[in-house]
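Input sequences plus hints: build the corresponding full structure.
Heads up: the protein sequence lines correspond to chains D and A, in order. The letter at position 341 of the first sequence is residue 341 when you use our numbering, and the numbering goes up by one with no holes. The letter at position 57 of the second sequence is residue 412 when you use our numbering, and the numbering goes up by one with no holes.
Simulated from the structure, these hints should not be mistaken for lab results. No experiment lies behind these values; they were computed from the predicted model shown. Positions of the beta carbon are idealized from the N, C-alpha and C atoms, including for glycine. There's no promise every hint is true.
[As the list claims (entries may be wrong)] If you want the footprint, here are the derived chain D segments under chain A, 3+ residues with CB under 8 Å:
hint: 1; segment: 160-172
hint: 2; segment: 273-280
[To be verified] Stretch by stretch, here's where chain D covers chain A in the computed footprint (C-beta under 8 Å, at least three residues):
hint: 3; segment: 379-393
hint: 4; segment: 454-461
hint: 5; segment: 464-474
hint: 6; segment: 622-631
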Amino acid sequence: MTIQFNDETFRDDYSFYNSERAIKRFPFPFHEDSYMYSVNMEQHRGGPVDSVYEKRFDVDEHYVSEMKDRALVLADDPLRCQSLPHMTLAGWDLLELIMVSKSEDYPDLFELHRDGNTWRWVNKPMGIDHTFTFLDEATLPYGPMEYITRQAQGDFAVLDQRDDNLWMDAGMVTTQADWSLDFDIGMNFFEWHAPVPLAHEKGIFIRALKFLLNIQQGAPARRLNWTMTVNPLLDTSPENYHKWGIQKTTLTPENLGAKQHLRVELQTFFRLPRSNALVFPIRCYLCSFQDLMTVPKWGRRLHRVIRDLPVELATYKGFIDNRPMMLDYLSQFDDGLPTSPGIWPDLDTEPALQK
Amino acid sequence: MSGAEKIAVKVTDIVPLNELVTRFEFKRIDGGLLPTFSGGAHTVVEMQDGDITRLNPYSLMSDPMDQTAYTISVRRDDEGRGGSLFMHRNVKIGDEMTISYPVNLFSLDLRAKKHLFLAGGIGITPFLAQIKQLERFNGNWELHYACRSESLGSYVDELRGHHPNETHIYYDDQEQRIDLVNLLDGQPLGTHVYVCGPKGMIDWVRQTAEAEGWPREAIHYEEFLAPQPGKPFEVKLAISNKVIAVGENESLLEAMEREGVDAPYLCRGGACGQCETRVLDYTGNFIHRDHWLEDDEHASGEKIMPCVSRFEGKILVLDR
Ligand code: HEM
Ligand code: FES
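Right under this line is the structure:
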């Protein structure tokens, strides 16, 4: 289906919105009525038609506006995009992966014409038609990773694999949930995960790393992660905490439904063939509480998950102070009925709110 | 499903190089392009040998950027369990076979200022692909290659012809030896060492480098482990609720697969860790041959790598 791209902002007047279609395909991250960290990984090989799992790189109505927001962030702070010298080949790998995937998965929006190393890339939504030489940096306006990730939604961490570990040696990070590429650059898997509570004790990171080291070409994987954001901000970085942190105090019972957003990351993992590096795209989806509440199953479940979430997690995710107000709001949408298993909305089978 | 993704290929060329080594070329049956890969990667080749399915890993030696064909070189192992013999005797041009997507457990450290390659015998193959990769990006490398004799020196002429300054050859039968201590001593800061060859050579390089004060992360190695034949034994699989017999000429992993147990694997050579299996009970001795588990794990009797390791004794119960 052709996509109607929204004209919207993720800052200042926050004109961001989700269409009805976007709400229905929102990746609601809770498959049951409670939540705890786990090694929740599965193969990334498509999924239900029009779901965010269907394509290798999901393109949706926010694409063009998200890319504008990325350009604004980079203009302010070029260190959001970094690539250590040995990661250039991985950058070409990523450029190839995204160009091939998007042109095959969205032929009406993207085209890739290859004649040996002479490549022509057409990105219709962004009005780009560019011929360059593959593996020759001089023919691109930016390095290969920066070039392609200025045209792809979500953040990208590019990990070098060596000494049985992963090293954050390159990335494009402008839509992150309060972590910094400039701080994490050069760190390994355990170092950059150090701030996460409870998961280390449960051995989650040891098992997750083993899994990641063994991800093979042609067999990508995925998982969901989530947090909370007040106002539809893409850039919730530590660098700009002074701008967005205070917005958390503007929440009132009246504006909460519109302002409070569930922020979900669709994280995928691909082995990069030429460099043997791993790329970790982190795609951010935002949905306001009031839009989520249009799905009865999600209303019931979100209330229960937030109510029972361990204090450590609510603190780490930065909403412990607002949790009571959130629960007052959410409890209106929980009638105590059971919920069906799985993350899908099940609009046809789940009963409407009984109160 | 276990193992990497599969590709259906046709054998398009077979070139005997010398008494022991033969080169095979594969192209996709559907005429499409093969995946690119990184130097040092291997593919697992499936062989239908009568009732037995053999799965052997071989390093890809072709240019990683060439997506039209893959090549491997197979050294005949007359004492082995038959995979290499099958390749030499039974495989013909035009045969259809299944190979896996490339898997790399021996990749270049792209931070290195210089790559020092040490090859023994058939261990030359991963370096052939790595050299092609580095040449494309003007990488700095040097090869020291030990062969038994001139007649068994696979790819020596090609290497000397194309890279006379980087290539150094040593023939065992002419008493030529790599002067490792001096070689390591003369390397610039930021050099990484890669060794692929027989176990004795790998151990020698690792120990010498360690004694010379080289950091562990700068020494990379890949040993070609093929499962070795051994005495038959019985094993109980607790999850599958089966008792199976492992024959003399098959590995524990192969026996599980024959019995329809979906056991994980990737390299089938004791290197990747994917097949690690918990031991629930045993009376007897393990014959551990993998590079994955630490010495204390081997001694603990709590884990086994079924792709290469065996067991001798009365009772073995696995969590599989
Ligand atoms: C190589 C891929 C990965 C990268 C680059 C990555 C990166 C990160 C970063 C930067 C953070 C924020 C840490 C902070 O507070 O500064 C984080 C959090 C976290 N990561 Fe990962 N991660 C990766 C893979 C995984 C995997 C496979 C798991 C599987 C369990 C995982 C589990 C978590 C969890 C549970 C958190 C806390 C998130 C929250 O509660 O909001 N990560 N990760
Ligand atoms: S399959 Fe790789 S170690 Fe056994």
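Hints, verified against the model:
1. Three residues within the 8 Å Cβ limit are the bar, and the segment 160-172 of chain D against chain A gives 4, so the coverage statement holds.
2. Residues of the segment 273-280 of chain D lying with their CB closer than 8 Å to a CB of chain A number 4, which satisfies the three-residue condition for coverage.
3. For the segment 379-393 of chain A, the stated coverage by chain D is satisfied: 4 residues place a CB nearer than 8 Å to a CB of that chain, which reaches the threshold of 3.
4. Given as covered by chain D, the segment 454-461 of chain A passes the check, having 4 residues with a CB less than 8 Å from a CB of that chain where 3 are the minimum.
5. With 3 residues bearing a CB less than 8 Å from a CB of chain D, the segment 464-474 of chain A meets the requirement of three and the coverage assertion stands.
6. Look at the segment 622-631 of chain A against chain D: 3 of its residues bring a Cβ nearer than 8 Å to a Cβ of that chain, three or more, so the hint holds.
Hint check: no violations occur; every hint is consistent with the structure.
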